[in-house]
Structure formats: C-alpha cells, structure tokens
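Starting from the known structure of chain A, arrange chain B on it as the hints suggest.
Residue numbers (the working numbering), protein chains in the order written: chain A, 9 to 238; chain B, 9 to 238.
Derived from the structure by calculation, the hints contain no laboratory data.
Keep in mind that a hint or two might mislead.
Claimed, not checked - Which stretches of chain A does chain B cover? Using the computed rule of at least three CB atoms under 8 Å from a CB of chain B, they are:
id : region
1  : 65-72
2  : 93-102
What the hints assert, rightly or not - Dumping the calculated SDA-like pairs for lysine to any residue here, alpha-carbon to alpha-carbon at most 25 Å:
id : chain 1 : residue 1 : chain 2 : residue 2
3  : B       : K136      : A       : R147
4  : A       : K90       : B       : D96
5  : B       : K136      : A       : S151
We put the CB at the ideal spot given by N, CA and C, even for glycine.
2 protein chains.
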Amino acid sequence: MLTLFHYPMNAGSRFIRLLLTEYSVPFTLIEETPWVRRREFLQLNPAGSVPVLLAESDQPVAGTMTICEYIDETRGSMSRDKRLMPSDVFGRAEARRLTSWYLDKCENEVTRHMVRERVTRPLMPTEKGGGSPDAGALRAARSNITQHLKYTNYLAGTRNWLSGDKLTIADLAAGATLSILDYLGELDWSGHEAAREWYARVKSRPSFRPLLQERVRGLPPSAHYADPDF
Amino acid sequence: MLTLFHYPMNAGSRFIRLLLTEYSVPFTLIEETPWVRRREFLQLNPAGSVPVLLAESDQPVAGTMTICEYIDETRGSMSRDKRLMPSDVFGRAEARRLTSWYLDKCENEVTRHMVRERVTRPLMPTEKGGGSPDAGALRAARSNITQHLKYTNYLAGTRNWLSGDKLTIADLAAGATLSILDYLGELDWSGHEAAREWYARVKSRPSFRPLLQERVRGLPPSAHYADPDF
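Just chain A, same shape as in the assembly (with noise of 0.2 Å):
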C-alpha cells in the first residue's frame, strides 16, 4: 500500500489525497509536523516539505505537482473518462495552469500564511517562531482573499468546472485551498454565488468526505465548513 506524508492543513496534501481517493488508490496517511525536521522524513525529501508519497517499492516521490504527474502517468492515464487530466494537450495546460494557480500563487499570496499564523505558530514552541499570530502578515493575507475569490466566481460562472466542461486536477487543488480557507472562517461567500455553487458540488463528493469530518485541535472550523448545502 501507497503511504503519503502529510500535514492536515497544507493544501497540496490535501490535494493529493484529494486525487488518490478519486482514483479509488489505498494509501496510509502519516503526519508531519511541519516545524519538526524528523531525519528520517529529511531522508525521503531533502527540502523537508509535505506530501511525500512513499510509492510502489518505497520509492520516495516529493512535491505536490510531481506526485500529481506521477499519479496522472501511473493511474490517470489508464483511467479514460474518470482521467482528472484533460485528454488534449491545450487542456492539460489550462488544468495545470489553475492548479498553479491556487497551489502556488494563491499559497504565497494567502493560504500558507493564514496556517502559519491561525495554526501553526500558536502551537509551535517559542524558539521555533511560536506565539500569537503576526496582525500585520495575517491583514496582508486576508487582504487578497478577495481575488482569489472573484477569480474562482469568475471561472465557475463561465464554465462548467473550473478548467473546462469535466472535472480535473484544477477543481481538487482549488477545493484543497478554499476547504482550508473556509475551515478558517476567511471565505465571505456572499456576491460569489457562482463559485460558492461550484464549491458546493466539489465537496459534497465522497472524496472530500475525509477532509471534512477533520479537526484541527482547539481550531473548531466554521460553523457551515463540513455542510455542503451552506
């Protein structure tokens, strides 16, 4: 069986559980603590970043857009229609580009700053960077929540899925992103109907079930987090 190292409130973690769930793939899930540089998960991925996915043979493979390929090259591609990849080439690079989009920019923008300073760093120990959360990274964070937001209304308004007419990779690392966002309370839904529909659909599937049903201890989520009629 397939292991994958993760942390809960990391959004590329979530997205690669997102994806071996959808491809029905058994995997055993083990937690790193993100400021704990453990030497035998250093061993596995020199840059000390979650997911890692302890493939066939043990084989480390490190880094969420590389497990995603990986997942695509040894699972997708024999998939046919249940593929979360677009089957032509101008497609793949819409559904990359969105997953970049939301793992990449949206993280450096808002999402791994509002974890570092409403979950991690109050549980981290003091000479690590613990404490109360940074009032100044936390208002520049939520001060591009916004477009993040309008981009994502302006996406589900114009098309079926994020990326085009079926679901992909795009719509997991968004709903990964916004699942963690929304546990935190920092989604105003409200005049991004179209996105809070999409939203609703992508995480009424069995596969965000998991997701769903965790808790971050002494973070309890927003009260509509877990209900996907909210």
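This is chain B only, laid out in the frame that chain A set:
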C-alpha cells in the same frame, strides 16, 4: 513561430529559453517588465507572471512547469534519446523534484529576493516600491545561498548530471537559476568543486550562449560570468 514572454533575470524564463533551444524550436522573445501590469499581457496570463508561451494558433500556455510539460508533450516525447525527461516514471519524478527545488524552493528562498533587491527595485518608480535595496531582505536571501550550492555540489558529486546519468530538465532549471546568481556575483564556488565542474559543463552548451551574452543595463556581470572555464 512561437513567442515567449519573458524577463531576462527571471529563472523560469531562462529555463524555458534553454528548453526550447535544446529542442531546436525557433521562438521570438518579448520582454515583460515585471512591475508594469500590461493589460494585453494580463489577458494572456491573469496571474501577471512570466514566462508565458504563445504556442500554436496563439494559444497561451502560462507558468514555468506548465510550459515545461507542454514542451515535453509536444516536442520532448518525440525526441527519443534527446528527450530532456527520463524515460522511466521514477526518473521523471526525480527530474521534476529537482526542477521544483531550483524554480520554487531556491526561487522563494534566494533568487526572487536577490533579483528584486538588486535588479528590479533600483529600476522601479518610487510609487511602485522602487528605491534602494532592502539590506535585511538581501541578508536573509544571502544566508540561504550556501545550502543550495552545497546541495548542488552533493548532487553533482554523486551523479553524472544532477538528476542521474543524463542531462534533464533538472540541469537546465538549476543552470537557469544559478546563472542569475552568478551574474550577480553571489556564488562562492570555492569548496564546491563538483558543482563548479557541473556548471562549467552546463554553461558551455550552445543553448546557454544567448543568456551569457545578455547584460542588465547599469549592472555588469561578475568577472567570470560568461567564461566557460571560470
């Protein structure tokens, strides 16, 4: 002919130029100034970032890894032993992991800070954030350089090319990144002989020549920048 929107001191842009040249794909270059959010360019890539490739039928392909996969799918996979992606699935995962090491990890820890403080900020108008380099940001970026040079030295000392026996996208990504830091005189090669020997091999490739001939106005390169036997 394909068109590449690029910025000369952007590692992703340099990487795609190397890739296209290695595959003998002719292309036209259009320089995008990072702080000018040109309306026509934003229509090609709403993220506003370089590189963007205008591919066949003027279809925009945006984002470094998205363009890299597009080039592999449309050129590389037909190039047999000249393909810059390993032919086995774990080889590809390793080449992608290392490509992301330089274009994401090193970019976020070193390259983009260095380029912002030393190249773009002095050229930017004050109202866009231009001015003198931020000494703190420079110091932080510099303190991270050694680990990347050390890791490159480790890879070059244990393998023929960075990701294995053959030249791959990983060597071009690392070369693109290190060539920017080398231009700026930020790399201390002493004590990193394996990395130096590998970099001399990469930079003596014909695909590298146009990069080595370019100059940033008002900012001459380090003395050995264009010298293959530095």
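Hint by hint, here is what the structure shows:
no. : hint             : result
1   : 65-72            : holds (count 4)
2   : 93-102           : holds (count 4)
3   : B:K136 to A:R147 : 20 Å, holds
4   : A:K90 to B:D96   : 24 Å, holds
5   : B:K136 to A:S151 : 18 Å, holds
Violated hints are absent here; each numbered hint is respected by the structure.
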